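Protein chains in written order, with the numbering used here: chain A, 1 to 320; chain B, 1 to 247.
Note that these hints are calculated values from the structure, not bench results. None of these values were measured; they are calculated from a predicted model. For glycine and all other residues, C-beta sits at the position ideal for the given N, C-alpha and C. There may be inaccurate statements among the hints.
[Said to hold, decoys possible] Only part of the chain B face toward chain A is listed, based on derived beta-carbon distances under 7 Å: (1) 198; (2) 199; (3) 203; (4) 214; (5) 218; (6) 228; (7) 233.
[Stated by the list, open to error] Derived Cβ-Cβ restraints for the label pairs, each shown as a range: (8) A:287 / B:31: 23 to 33 Å; (9) B:201 / A:166: 22 to 32 Å; (10) A:177 / B:189: 40 to 50 Å.
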Amino acid sequence: MVLIYIDHSEKEIKKSSHEAISYGAAIAKQLGCSSEALLLGTVNDDLTALGKLGASKVHQLNNETLNNFDAKVHASLIATAATHLNAEVIVFAHNINGKAIAPAVAVKLDAGIVTGACSLPNLQNGFEVTKTVFSGKAFASIKIETPKKVIAINQNSFGIENYELGATIEEVNLPIPTASVKVTNVNKIIGEIPLTEANLVVSGGRGLKGPENWGILLNLAKALGAATACSRPVSDSDWRPHHEHVGQTGIQIAPNLYIAIGISGAIQHLAGVNRSKTIVVINKDPEAPFFKAADYGVVGDAFEVVPALTAAISKMKHNE
Amino acid sequence: MNILVCISKTPDTTAKIAFTEGNTKFDENGVQWIINPYDEWYSLVRAIEIKEKDPTTNIHLITVGGPEAEPIIRKALALGGDEAIRVNINSNDSYVIAQQIATVAKQASYDLIMTGKETIDYNSACIGSMLSAILDLPFVSLANHLEMNGNTATIQREIEGGEETNEVILPMIISCQKGMAEQRIPNMRGIMAARTKPLKVLDPVATNAHTSIKEFSLPPAKTGVKLITPDQMEELVKLLKEEAKVI
Ligand SMILES: Cc1cc2nc3c(=O)[nH]c(=O)nc-3n(C[C@H](O)[C@H](O)[C@H](O)COP(=O)(O)OP(=O)(O)OC[C@H]3O[C@@H](n4cnc5c(N)ncnc54)[C@H](O)[C@@H]3O)c2cc1C
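Work out the full structure, taking the sequences as your base and the hints as a guide.
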């Protein structure tokens, strides 16, 4: 059986977990076994609808205290549940919480793990999974040598499939270990699209000259419904918050569309964004290295090009 | 307080990424090595700041790797830290590495074990989480702020679209990222002092790897950029919608 861990926040299942369910269901199909999901805590989502993503059952440990994430407690419960349910493969989203617990679960189950996976396993020679390495500059095919396997799938790398299923819900009863982490405050920026979950990203670099000029970028992001990102010097200078910093030493993202404005395209920046499906570069320097990594390029002054692009997007949306 | 800081050696961020031996090995030819930036800039510097505030703090550095990792661990010692440990084994399997660190940690009593968010070469983000399972300790990942208050750590960690504050009683494990501290440049005094700081070399404990790397590959090169003139933004929108199908 393939067991998929469902991550949630504010009583809502994360988009990356939807993708993980579809990914797990596809592995189950390869292995000829069932794909079932595991939920710790409570959510407002309709759990039977997870069948549409490929989960035939949802095992739920229905306890509000688990809505606070505690890596030690969560990893221990997942490992125990996986053992009870006899799961062969345990799938996580390689998102913030997934990174905190998937390796611990692997240790507890004596399972080999691949994090940052970006393909279905290749079963020809055992069980090999491709992952991104060198911050997106290369891939490695990793063989898992153990009977049990843990895989954490990169966000935005598999997509969601449609199954004509309704999931059944089964209660799990397990003793809950003492909390090791006390959550004292949660500060969510309301209405902002989290960068790692975004399909569309608009990003700005030093070419925008200063934080006072970010309005044109924010307007474009708003017209598109995109999340915002920036280059490292921009966040180092506090023009933008740290969590927007993408690149080799920031966040690595793979949205469908990445629009880079006034960013030169240094190798460390490209490492974090070059898995984006489509890259648009707006830069006034035709020699900027970013153009070599781009699908579409506009050589021009951002202060003219960006408002014009925003107007064109708004016009298109208006006509839809 | 006793802190163990995990230090990994990684290729410089501008290193050419190429492979040898039938694409099964990273080509180290001409590669410059650095301390993994997350380990250096965030985890190590924050440990040093804690020691600056409370000089009774002991900082041990640990790296798992062959003798070629010594310049890196010396550089880390030049930034700060009291002594270093190198476990003499090269492995690409996170579990093997975590077992080496855990074995050292079990023999001492560290209040805080710090790692970077991930290494910039294999990007596995596994070690902290694995240590928490092996040592049965609390773990907070992707922390961007840490304050000590007696034996309680107050930590801010990243969550999707925001931040969360956690309180944890030591001992614990923490993985660090941007915001935690600022990069420092080692000074001459630090570099001199690092030469005489103890660097213990330990034999590895036997551990079976759970995974092995079979093959590396490079992403397909982009086929070439399509240029659009600044007065053709409606055309660009059309291309994004109809050709790229991303909006
Ligand atoms: C160890 C290490 C790790 C690093 N990690 C990262 C990382 O994770 N992420 C990251 O981003 N960087 C990282 N860097 C930094 C990286 O090397 C570059 O310095 C950085 O990405 C440059 O940012 P930028 O493109 O915004 O600025 P610049 O390189 O200064 O480029 C500005 C660009 O704006 C263009 N421009 C100027 N005016 C206009 C205008 N009016 N209209 C249009 N275009 C204009 C210019 O032509 C230029 O191309 C790292 C560096 C090191 C050494």
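To see whether the hints hold, each was checked on the structure:
no., hint, result
1, 198, "violated, 30 Å"
2, 199, "violated, 27 Å"
3, 203, "violated, 22 Å"
4, 214, "holds, 5 Å"
5, 218, "holds, 5 Å"
6, 228, "holds, 5 Å"
7, 233, "holds, 4 Å"
8, A:287 / B:31: 23 to 33 Å, "holds, 27 Å"
9, B:201 / A:166: 22 to 32 Å, "violated, 59 Å"
10, A:177 / B:189: 40 to 50 Å, "holds, 47 Å"
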